[in-house]
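When you get a sec, could you build the whole thing from the sequences and use the hints?
Residue numbers (the working numbering), protein chains in the order written: chain A, 1394 to 1554; chain B, 8 to 297.
Be a bit skeptical, because a hint or two may be false.
[Said to hold, decoys possible] Okay, the calculated beta carbon distance ranges per label pair:
id, chain 1, residue 1, chain 2, residue 2, range
1, B, 267, A, 1396, 33 to 43 angstroms
2, B, 252, A, 1513, 38 to 48 angstroms
3, A, 1485, B, 241, 38 to 48 angstroms
4, B, 156, A, 1485, 46 to 56 angstroms
5, A, 1485, B, 11, 36 to 46 angstroms
6, B, 150, A, 1477, 50 to 60 angstroms
7, A, 1495, B, 162, 35 to 45 angstroms
8, A, 1551, B, 211, 44 to 54 angstroms
9, A, 1481, B, 154, 46 to 56 angstroms
10, B, 261, A, 1409, 27 to 37 angstroms
11, B, 52, A, 1428, 42 to 52 angstroms
[Unchecked claim] So, partial list: chain B residues that the calculated Cβ filter (under 7 angstroms) puts toward chain A:
id, residue
12, 14
13, 15
14, 16
15, 18
16, 110
17, 115
[To be verified] Below, a sample of chain A positions facing chain B; criterion: calculated Cβ distance under 8 angstroms:
id, residue
18, 1458
19, 1523
20, 1524
Calculated directly from the structure, the hints in this document are not laboratory data. Backbone N, C-alpha and C define an ideal beta-carbon position, used for all residues, glycine too.
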Amino acid sequence: MGERREIQLTVNGEAVSREVEVRWTLVDFLRHELMLTGTHVGCEHGVCGACTVLLDGRSARSCLTLAVQADGCDVTTIEGLSPKEGLSPLQQAFADHHGLQCGYCTPGVLCTLTEFLETNADPSEEEIRIALSGNLCRCTGYQGMVDAALAYVAARKSQLA
Amino acid sequence: MKPAPFSYHRPESVDDALAMLANLEDAKILAGGQSLMAMMNFRYLAPEHIIDINRIPELTEIREEGDGIRFGAMVRQRDALDSPMVQARCPLLIEALENVGHIQTRNRGTVGGSLSHLDPSAEMPAVFSALDATLHVGSARGTRDIPIADWSLGYMMPNLEPDELLVGITAPCWPKDHGYAFLEMARRHGDFAMAGAGALMTLNSDGTIARVAVALTGVDTGPVRLHDAEIALIGQLPSEAVFAAAAKSAETVAGIDDVHASAAYRQRLAVVYARRALIKAHDRTLQGRA
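Printed below as a string of structure tokens:
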């Protein structure tokens, strides 16, 4: 057994205190210890984006971050982005616009877009495509995701108007 | 795969980190982790000790220093991008950073980590090469200032001893009205570049070139300055033909041959991108005057 350390962090709004092996990646900790299996493991070298979570509000690869590094941090996963019942407006937009098929990349995509859309009130299609460049999708393709993001932005703008 | 077991250390000051580097055998510095963690997951690397420098506040500062900007080694790429000072005084770095990986990797990846990892295709080394930056290195034995020209010793081999840590980078800023451009060729936005070029330029009042810098990435093992092109351009009246002739010197840079691109193709790209970067930097020089 490897070296272990106690960490305290907030995951989806709840305080968590656990002993972790220092070599565990954050994604394995989330999935195997906290049973938050919505965050997926893809390539394990930071290319595919399936494991993207929000670390202190910023999207990050949870396969390239150690669990021990999240000590004291605020982690949000797809479970934390989802309402207790039903879908969030962004999730609903994905459903409406065929933004997912197999769903493997979707949690990472939604984490990326959550941060991106919080910091960009009115992004262009090209900016959305660049924002999604770090999340690989191998089935649906990106058109539905881009349509969903644009529809979400348009709905948000009309609500604010 | 998963990383092999290691001992984890989290110093809270540079001095503590340097003491650990001096005393621990087979230790690796963990900066943003966007390259190291991938290499450890695949067990290309299995260090005995990891020294995590993510909780050292003194390494995260961006501040004005003389005519330049000093970046702590642990400044996140995202924070450099968001810095109004960097946007105003060092726009070449901003334009290059937009091509560095993706939002998620820039949120964690650091300026110093990229320079220390020294991937041949990385943007940061070329930018700091164009800027004639100085790297500040520390160890328990003392400190060294290293000009960027002496930083790359070979393929992914920075000028760092095993007990040394890159603590900061000082980049002299160009005058307010300078032109700049960073352009690269990658198969997908954010992928490693097959080749790229950064250029900086100022003009004399008669429109001739006063000062120019061109640096390449992705062609040779480290960043390359096109000194011959720069010397040839100074005093010239800018034109596309003049820039094309100067960019030709990129043909002679040794190209890396690998699965992503052949050496000949990289050299060809280097010429094209050096020319385009010069033209765009010149265009922006004129915008600055308008």
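Hint check results:
1. B:267 to A:1396: 33 to 43 angstroms: Roughly 37 angstroms apart at Cβ, these two residues keep to the hinted range, so it holds.
2. B:252 to A:1513: 38 to 48 angstroms: holds (42 angstroms)
3. A:1485 to B:241: 38 to 48 angstroms: violated (60 angstroms)
4. B:156 to A:1485: 46 to 56 angstroms: holds (55 angstroms)
5. A:1485 to B:11: 36 to 46 angstroms: holds (43 angstroms)
6. B:150 to A:1477: 50 to 60 angstroms: holds (55 angstroms)
7. A:1495 to B:162: 35 to 45 angstroms: Since residue 1495 of chain A and residue 162 of chain B have Cβ atoms about 39 angstroms apart, the given range 35 to 45 angstroms holds.
8. A:1551 to B:211: 44 to 54 angstroms: holds (53 angstroms)
9. A:1481 to B:154: 46 to 56 angstroms: Taking Cβ atoms as reference, residue 1481 of chain A and residue 154 of chain B lie about 51 angstroms apart, which means the hint holds.
10. B:261 to A:1409: 27 to 37 angstroms: 52 angstroms Cβ-Cβ, so the 27 to 37 angstroms window is violated.
11. B:52 to A:1428: 42 to 52 angstroms: Taking Cβ atoms as reference, residue 52 of chain B and residue 1428 of chain A lie about 30 angstroms apart, which means the hint is violated.
12. 14: Residue 14 of chain B check passes; min Cβ-Cβ to chain A is 6 angstroms, inside 7 angstroms.
13. 15: holds (4 angstroms)
14. 16: violated (10 angstroms)
15. 18: violated (14 angstroms)
16. 110: Holds, about 6 angstroms.
17. 115: holds (5 angstroms)
18. 1458: Residue 1458 of chain A check passes; min Cβ-Cβ to chain B is 6 angstroms, inside 8 angstroms.
19. 1523: holds (5 angstroms)
20. 1524: With Cβ-Cβ at 6 angstroms, under 8 angstroms, it holds.
Hints 3, 10, 11, 14, 15 from the list above are not met by this structure, while the remaining hints are.
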